[in-house]
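Number of protein chains: 2
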Amino acid sequence: MMRFAIIGTSSISEKFIDALKSTKSCEAYALLSRDKNKGKRFVEKFEIEKLYTNIEEMLKDKDIQAVYIASPNGKHFEQAKLSLEAGKNVICEKPIVPTVKEFDILKEIAIKNKVVLMEAMRPTTNPNFKLIKENLYKIGAIRQVMLKYCQYSSKYDLLKVGEVRNIFDKNMSGGALYDIGVYPLYFTLAMFGEPKEYIGSNYLLSSGVDGCGTILLKYSDKIGVISYSKITDEKTPSEIIGEDGSIVINKVSAVKGITIKYRDGREEKIEIDTYENDMRYEIEEFVKIIEEGKVESTLNSFTTSRKCVEIMETLANR
Amino acid sequence: MMRFAIIGTSSISEKFIDALKSTKSCEAYALLSRDKNKGKRFVEKFEIEKLYTNIEEMLKDKDIQAVYIASPNGKHFEQAKLSLEAGKNVICEKPIVPTVKEFDILKEIAIKNKVVLMEAMRPTTNPNFKLIKENLYKIGAIRQVMLKYCQYSSKYDLLKVGEVRNIFDKNMSGGALYDIGVYPLYFTLAMFGEPKEYIGSNYLLSSGVDGCGTILLKYSDKIGVISYSKITDEKTPSEIIGEDGSIVINKVSAVKGITIKYRDGREEKIEIDTYENDMRYEIEEFVKIIEEGKVESTLNSFTTSRKCVEIMETLANR
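Residue numbers (full-length UniProt numbering), protein chains in the order written: chain A, 1 to 318; chain B, 1 to 318.
Be aware that a few hints might be false.
Distance condition first, Cα-Cα at most 25 Å in a straight line; then the derived SDA-like pairs of lysine to any residue [what the hints assert, rightly or not]:
(1) B:K160 x A:Y137
(2) B:K81 x B:S10
(3) A:K251 x B:D264
(4) B:K218 x B:T99
(5) A:K251 x B:R318
(6) B:K75 x B:E14
(7) B:K251 x A:R266
(8) B:K235 x A:N135
(9) B:K170 x A:Y219
(10) A:K133 x B:K235
(11) A:K155 x B:D264
(12) B:K196 x A:S207
(13) B:K222 x B:Y262
(14) B:K251 x A:T236
(15) A:K261 x B:V248
(16) A:K251 x B:G140
(17) A:K94 x A:K114
(18) A:K251 x A:I199
(19) A:K261 x B:D157
(20) B:K94 x B:N171
(21) A:K107 x A:G293
(22) A:K261 x B:Y156
(23) B:K222 x B:L204
(24) A:K101 x A:G74
(25) A:K288 x A:Y137
Looking from chain B toward chain A, a few residues come up when the C-beta cut is under 7 Å (computed) [what the hints assert, rightly or not]:
(26) R143
(27) V161
(28) V225
(29) I231
(30) K235
(31) P237
(32) S246
(33) R263
Far from chain A, some chain B residues (derived; all Cβ distances over 12 Å) [said to hold, decoys possible]:
(34) M1
(35) Y29
(36) N37
(37) K40
(38) V43
(39) E47
(40) N135
Hints in this document: simulated from the structure, not taken from any laboratory. Because the structure is a prediction, the values reported are computed rather than measured. Note that the Cβ used here is the ideal one computed from N, Cα and C, for glycine as well.
Could you put together the complete structure from these sequences and hints?
See the structure below:
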């Protein structure tokens with residue numbers, strides 16, 4: 001049984017714990033919460049053995065093999081660093097850290113201490129991601145990649161009346177790119193590798209973060225267009241476009257609704273049934289690399305995470 | 001009866017003549033063709049009174065009030081210049097000229113000689129363009145404009161075996177942006193005005209012209225994304241995206257298939273029946289400004305054409 005410590009008590013932690021339980025081989029063993037009462041209610045609800053309010057103390061616990069970090073984005077770096085230094089394997093929610101400098105520090109510690117560091121990016125660990133990759137050859141030479149994630153946030157209504165929540169708070173690394181644009185961006189980088197060049201444009205909200213934006217990824221043989229928004233909804237799907245047809249994807253973040261539309265009009269649905277809770281895939285990948293004694297996932301690699309951090313650091317909120 | 005001279009004998013000229021006839025108030029009176037035999041067959045087929053093989057000679061004909069230019073792109077400037085200098089009203093096929101310098105020369109002559117200079121851009125003269133404009137308020141603040149025109153060209157198959165046709169010939173101002181990208185670009189500029197800034201990326205073919213590309217138009221309050229291609233097909237529609245919903249457009253170049261999709265799930269089809277031959281709209285607009293004694297169309301204005309030329313000159317084929 002692999003024992004996890006969970007940092008953070010929001011709904012994403014709940015979903016992670018649910019996925020952990022479904023694996024049968026993993027356990028949510030400890031919780032870190034600064035608020036003792038909140039922590040007590042949480043550990044009781046999810047039958048977690050240990051409750052800690054201090055991270056240094058928690059990291060001394062030899063029964064913990066892995067730490068899942070789902071605290072606010074601004075806390076990721078410090079918590080991941082301490083965990084890796086304590087010899088724990090770390091799976092950290094997206095976006096992993098706001099700067100390349102911080103990413104490189106974490107990576108170095110992981111390599112030195114021979115522990116896993118992995119960004120908890122779901123789409124790329126979903127088997128339908130691999131399925132898309134395997135079907136790319138069917139649409140000929142890829143020329144345009146147009147992926148999007150646009151979802152109107154109710155927090156935007158609050159912002160309009162002057163209430164700034166975390167997700168639109170610049171000090172919390174908020175904004176559309178960091179929060180959801182990261183999905184189509186990471187997807188593209190993991191599927192097609194690093195672009196030669198990238199440029200972008202966004203619309204900044206009153207709180208100083210981007211409400212929506214677009215990134216152009218320039219490859220030598222294709223163009224990537226990443227669109228993201230927390231102030232509009234998407235009404236048309238994403239597309240990977242080749243000379244012989246397109247792979248249309250209804251929802252990039254869940255890798256769902258995938259159809260190949262050939263130039264000659266033929267259509268082919270490709271998709272396999274996935275776990276209802278798709279966080280199980282990233283957990284299985286994480287556990288697999290721990291067991292193999294590696295420090296890095298090939299699905300959510302250092303290279304992809306680092307490039308994603310670099311692009312976001314360059315283009316977000318400016 | 002307003003008498004037109006037609007320059008060029010391709011299918012676009014045939015369509016223009018068909019539209020001219022449908023107006024009842026206009027006539028295809030003269031044809032200019034360097035190839036006398038080709039010209040003869042053409043004037044006979046379309047019952048055109050005069051055939052000229054020399055433009056200077058043709059422009060001396062006092063019965064000609066207007067010149068329609070549908071020659072290869074590389075000929076537009078010289079032919080438009082001579083026509084305007086001869087005091088003729090000019091309607092010139094898109095893309096009007098390849099450089100801003102040439103555009104400014106034509107504009108000056110038109111103003112000086114009090115004759116009309118108008119780019120023959122169809123979508124903006126289509127009443128459904130105005131209808132979209134009038135319905136924009138329904139989708140709230142516009143944040144993203146994602147328009148595309150992607151159509152696989154059979155000439156691309158020829159290029160692959162080494163045969164370079166006009167449309168992929170750099171010397172003929174060929175390429176995807178000049179040929180069809182101009183439609184969504186012009187549409188956006190006419191609908192939303194000049195952007196603060198623009199950047200782009202494209203994929204260059206062996207012949208040195210762009211096979212496909214994307215332009216980012218940066219506005220202070222929104223982002224425009226123009227995608228175009230002659231080496232892939234489009235499988236998803238264009239969209240104008242606001243905070244309260246989207247206006248989805250199936251075919252930007254014909255302004256067809258228009259649905260408002262509200263954020264709350266409601267849908268509203270907006271579209272009026274149009275002339276089967278939609279070139280009639282640009283002819284009606286052109287005739288109207290001649291009759292009003294103006295030199296410029298408000299639908300296809302100097303400002304829009306000039307900005308479109310500038311952006312294409314900056315971004316095409318490099």
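Checking against the hints above, which ones are violated?
Those not satisfied are hints 5, 23, 25, 27.
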